[in-house]
Each structure stands twice: as C-alpha cells, then as structure tokens.
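Participant: Sequences are here, hints too, so could you generate the full structure?
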Amino acid sequence: MIEVRDLQKSYGDLVAVNRISFAIGAGTVFGLLGPNGAGKSTTISCLSGLLRPTAGSITIGGFDMARDAVKAKASLGIVPQELAIYEDLSAQDNLAYWGAAYGLKGTRLKQRVAHVLNRIGLTDRANHLPKHYSGGMKRRLNFGCGLVHEPRTLLLDEPTVGVDPQSRERLFDLVREEKAKGTCVLYTTHYMEEAEKLCDELAIIDRGKIIAAGTLNELRAEFGGNDIIRLSGSFDLPRVEQAVAELQADVLSLSTEFLMIAIKDGARNLPAILQGISATGADIHDTRLSEPNLESLFLKLTGKELRA
Amino acid sequence: MRFILVTVRKELKRRFNDPVGLISAIMIPFVIGFLMASVMGGGGASIKAQLLVTDLDDSFISQGILSALGQDQIADMILLEKVTLDEGQRRINEGDGSGHLVIPEGFGKAWLDGEEVALHLTVNPAQNISPRLIREMLESLLDLGDFVHKVFGEELTIISQNLESNELIGISTADFSSNITDKVSGIADLIFPPVLEAEDVTPQPEGVSVGVALLMFPGILVMAAFFAANGQSANFWTEKEKGTLSRWIASPNAFSAFWVAQWFTAMLLTVIVAAPIMLAGFVYFGISFEKYFTSLAWLMMTGPILFAVLSLIQVLAPSKKAGGMISTLVMFPLLMAGGSFFPTETMPKFIATIARYTPNGRVIEPLKGYLIGEYGAWGVFSELWGILAVTLLLVLLTGRLSARKALA
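Chains H and Z are the protein sequences, given in the same order. For the record, in the first sequence the residue sitting at position 139 is 139 according to the numbering used here, with numbers rising by one throughout. For the record, in the second sequence the residue sitting at position 208 is 516 according to the numbering used here, with numbers rising by one throughout.
Treat the hints as calculated values from the structure; they're not laboratory data. Be a bit skeptical, because a hint or two may be false.
Keeping only pairs whose Cα atoms sit at most 30 Å apart, straight-line, the calculated DSS-like set for lysine-lysine is [unchecked claim]:
#1 H/Lys131 to Z/Lys657
#2 H/Lys105 to H/Lys197
#3 H/Lys138 to Z/Lys629
So the derived list for chain Z, only partly shown, Cβ under 7 Å to chain H, looks like this [as the list claims (entries may be wrong)]:
#4 Val314
#5 Arg322
#6 Ile557
#7 Ala558
Which stretches of chain Z does chain H cover? Using the computed rule of at least three CB atoms under 8 Å from a CB of chain H, they are [claimed, not checked]:
#8 545 to 553
#9 559 to 565
Just so you know, these numbers come straight off a predicted model, no measurement behind them. Ideal Cβ positions, reconstructed from N, Cα and C, are used throughout, including at glycine.
Facilitator: In structure tokens:
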C-alpha cells in the first residue's frame, strides 16, 4: 500500500530525510520512531504530497505520488500532528466538509459522518463548535477528519500529542479498528509505549536516516538476549565505567545520577552487578531490571535518549 | 466544481457562526455613511453646476436665454458666470467649471428668422452629473424656443425685420398685439388647461433628487463590500495557521480551487452585507426598486475586485499580522480616495481623477451613474468585463504566489 524508495528531502545543505526506504502492507501498523527533528514529519509531508522529495519515489495504493498525485492522494487519510480543524464549524460540519473534499456526497456522506462521530465519541456534541471542546475532543475530531472518507492508507503524525489518557485509549482503539479493516497505517511517534502497543513493524529514524527496522522482536534481538538494568543514585563515572567493563556488561547510559547497562542473564547477574558498582563507592537508591525495549534499543543505537 | 461550491457553503457557515464580524461589516459603513452625509449637508444639499457663458451675440434673445437659466428653480442647480471667450475656453480646459456655453454672434437674429441655429457647449468630462444637468436645461430651453417659433413664426419675422428701426413696418401695433393675443387664446386650452379641482397637495419629485447623500450611497455600499473582502482575504493566513490549508493541499483537490472558492465566497458575502444597506438606501432616497437587483448583481460581480487586491497583499505579506496591517494601511486610503468617504463630485479634480482609477472607484462610479439615472443597466454592465478580467488575473496571480507560501 505504501512503498518508499530512497526518499530524500534536502533544504540546501541540510538533509532532513536521507535516502530512506520502507514498505507497508495492508492491515499493517508501521511505526516510525524517532526524537523530535529526526525527520518523521518531513517523511509524512512527502508521503502526503505536501512536500516534493528531492530524490526517491513514493507509491501510495499503487499510484506514484509524483506522476499520479490526485489518485495517490485520494486513497490517503491524514491526521496531522497539529490540529487541522475549523474551530468555527461544528464537528458534524467539519467531518462533512472533509468527507466532501474526498468526493463523498448525499446519503453516503451523512452515513459516514454519523459513523465517525460515533467512533470518535462526539455524537452528543456533533453540533457544538470545537472551540468549546477539550483538547482531547479536538484531537479526536482531528482524527475523525482523516478517517471520514474511509481511506485505504492512513498517515498518523504523532496523533496523541497532548491527549488525556482516556482520549488516548480511544485513539488506540480507532487505530486497531482501522488495522482490522485492512487499512495500511503509518504511525509516527516518540512514545515508546504507543509503538510497542500498536505497531506490527517499526523503523527507528534519527537525523533523517533509518537506523533500525523490523518487528519488535526482531529489534529486541539486536541486543543479543541482553537484559537492561537501570540504577539510580550517585556514581563516580570513571570507576563505574571500569567496573562495568570488568562485569562484561555494556554501558547504555551513564551520568553522576543514573546508570543503564545491558547484560546477559540479568536476573542471575544482578547481585554481582550491585556488589561491583557499590565497590566503586556508588550510593545506589533504586534498581530496575527489564527486558530490552525500544527506548533502550534507541539508546544503544544512537547513544541518546529518545525523548531528549 | 462541486467541491468549490461545498467550500463556499462552508465559508459562509463559518462567517454566520461569527455574527459579530458580519454585522460589523454591515453596520460600520452604515454609520460612517450616515455621519459623513450628515457632516456634508445630508440629503438636502445638492450639487450645483457651474456654467461659464460667453455671449457673443448680446441680443435680447441671448439675454433671454441667460435670464431663463438664472430663474429661481434653475438657479438652484446651475450657477451662471459670464466670461469672455478666451477665459471660458481656458477655464474649461483646466477643469474649472462644469460647462462652457458660447452663444455665437447672430444667434438671436437667426433664430428670429427661423434659420438653423447652434449653441456651442463644452462640458467638463471629469464631472458626471453637472454637465448632464446643463445639457438637459439647454435642451428644454431649445425645445421651448422651437415651440414659440412654430406658434409665433410670423410675429417673430416681423420683429426680426424691424429690429434696427425700433418701429413696426407694414402692421399697426394694435394689429400686432391683437394677433398675438388671438394666438395665445387659441392655444390657451393646451398650455393653460382648466383647473377642474383644487387640492392642497405636496408635490412629490418624479425622479431621484441628487444630493450629496445619494452621491455617497454607492461608496457606502462598496465600503461594506470592502469590509467583507478584507475578512475573506485574511482567510489564507487563518487556514494556514489552523493547518486546514495543509489538509486541503493533501486532498486530491487542486489548490487553485481554494482561491476560486474564496472568490465566490467574497461575491456572496458582498451581497449579504450590501443587501440590507442597499435596501435602506433605496427606501431613503426613493430609488426605484427596479434597480435593486441589478445594483446588487453589479456589486456582487465587481465588489470582489477588492477581495482580489487585498488577497494579493495578504499573500505577499510575510505574516498574518503584517498582512492585516498592510491591508488596513491600503484599505482606508483607498476608501477615502476611491469615493467612499467623499463623493468624487466634491473632490478636487486631481483626486477625483485618481478616484476613478482606484479599484473601488471603478465599482462606485458606474453604480452611481446607474442609481441617479445617468446610465441604463446595460451601460453599467459594459464596464463589467474589464473589472472581472482584472479580478481573475489578480486571483490567479495570488493563487500562484500563495502555493509555495502555503507550506512554508
């Protein structure tokens, strides 16, 4: 449904997206993960026809975005990161308008508007102006405007930014429903939990490049079966680094107050780790052991926190 | 095309959801118009035509014409000033005066002899109404002269033959007087119809009384169109900031359709804000309602030229705030110079000339001419195509310039 090949977008000397390639099939939620400024939104803008790529090709639903933009766009639904709704038009009018923008009309349009209003939980507020809505309700309406024409491909650009937990869960349900219907979903986020919950496949993007891609399990395998140990307290950096090396563990993150390491068979080795680190004079307040997740993977790959 | 209409409907809904903005666009011109008309003398004050007259004939006939033009009712409309031929030509060429009438030498004698006569009238092309007044007055006088000639032809010939002798030759004074009395009696029933019934009534003017307020009226309507256009032209920035413009561009619709929809919306908004003001004006000035829908149609089709100008300014501006400021800076001088605050008839000549070349002036002047009866409907619409063509060009240019900016 979406095929991206060697996509590049440059602004003069600045390369925002650097020759990335991926493909997303029907009924798949593909997560594009990366910190702010990594190139996620630029990629989405190129995919939605808002930006013309410097190089590479984009195919949506079998239509080339450069050569057959109208047909490619017609099969796309877009939920932009920023709210893109008319606050001086009721929710019903917003949905009806964006439905009409994609060719819906008459009874079909009315049915779709009513259906989407129900799905986003705004039926009882359908005739109210969004300027009187809460932030979460506006987000849901923003989401609904991208769904109303039943697109076969959905681009979701950080759709849960600033959303309350209740609205967030409702949006997750909507994404799952779309997936179940066979919609191809591209989901950008910098929230690891969302990606882990929703995405079938993932790509981690940093500085415009995809640095890792695959299913969650495939990405976890990048750690070679290592576990993650997080320690909080106060640390003497050179001595701690030396101690970790002696314990045959990898330092993922180290500061005077925090240490994250990757080590095989973490549960069995935890006492030795604590003993070794304490021997450096460290004062340990808190210890957590976990399986590797996307955040730790990102840290391993880039050497920096995802939400930095 | 369907989505353009859907967009127009959406835009109108948005405007109706902000009734304060819409009512302001109606009320502000209404109040400004009322105040300006009051300051300038209201509906009672009328325009006086200044007629320069060079009497080269200096006969009792030419003096009679000048005397007729100086009578009370006509003098309310036409201010006579006797000038030499050179001065009259110089002043009318400089635009000083509404018209220059030259009564040629021998005019009186020729008229008495029943020969073809001509009066030479040069009018000021920079004025609309005053030259028309002068022309109509002179035509009425010439019709009267023709009528007198037909009835008293023989007597006039006798007068002509005896002009220099100051005596009646070939006819006695009594016979001459008797002949005139008989003829007057003969046509008395025609020119003095019997009074059948005496009734105390206040006569109503048949046509529209052309006062300053009426001359301002089209400017007020265009001011309303201006306010409507200003709000609509800022919509580009509003939609850009709200992200809905990006949503539009990501949809399968052409970006040019966005601007066409804005244009059509400006047309309908112009009608919406102008219709109530126009209705009030028609009632107040006693303008025939046959002209109502034609006038509204004219405003609907031409008023959006103001939208096109302001949209171009908005798109060229670096930000919404700058666009709003520049639009305001342009709008108010245009309103003043274009004839919305002061009718061109009351302006100095050079400003009146500028006014006629402003976009709002191009809309106001034909409408004014139509409302006061100077043009028929077709006369007004003959200028439509030019205005529409300029509007279209501006909208296309704006669309082209805004395409890149929409995503910047």
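Participant: Compare the structure with each hint and give your call.
Facilitator: So, going through the hints one by one against the coordinates:
no.: 1; hint: H/Lys131 to Z/Lys657; in the structure: 51 Å, violated
no.: 2; hint: H/Lys105 to H/Lys197; in the structure: 36 Å, violated
no.: 3; hint: H/Lys138 to Z/Lys629; in the structure: 26 Å, holds
no.: 4; hint: Val314; in the structure: 4 Å, holds
no.: 5; hint: Arg322; in the structure: 5 Å, holds
no.: 6; hint: Ile557; in the structure: 6 Å, holds
no.: 7; hint: Ala558; in the structure: 4 Å, holds
no.: 8; hint: 545 to 553; in the structure: holds (count 3)
no.: 9; hint: 559 to 565; in the structure: holds (count 3)
Consistency note: the structure conflicts with the earlier hints numbered 1 and 2.
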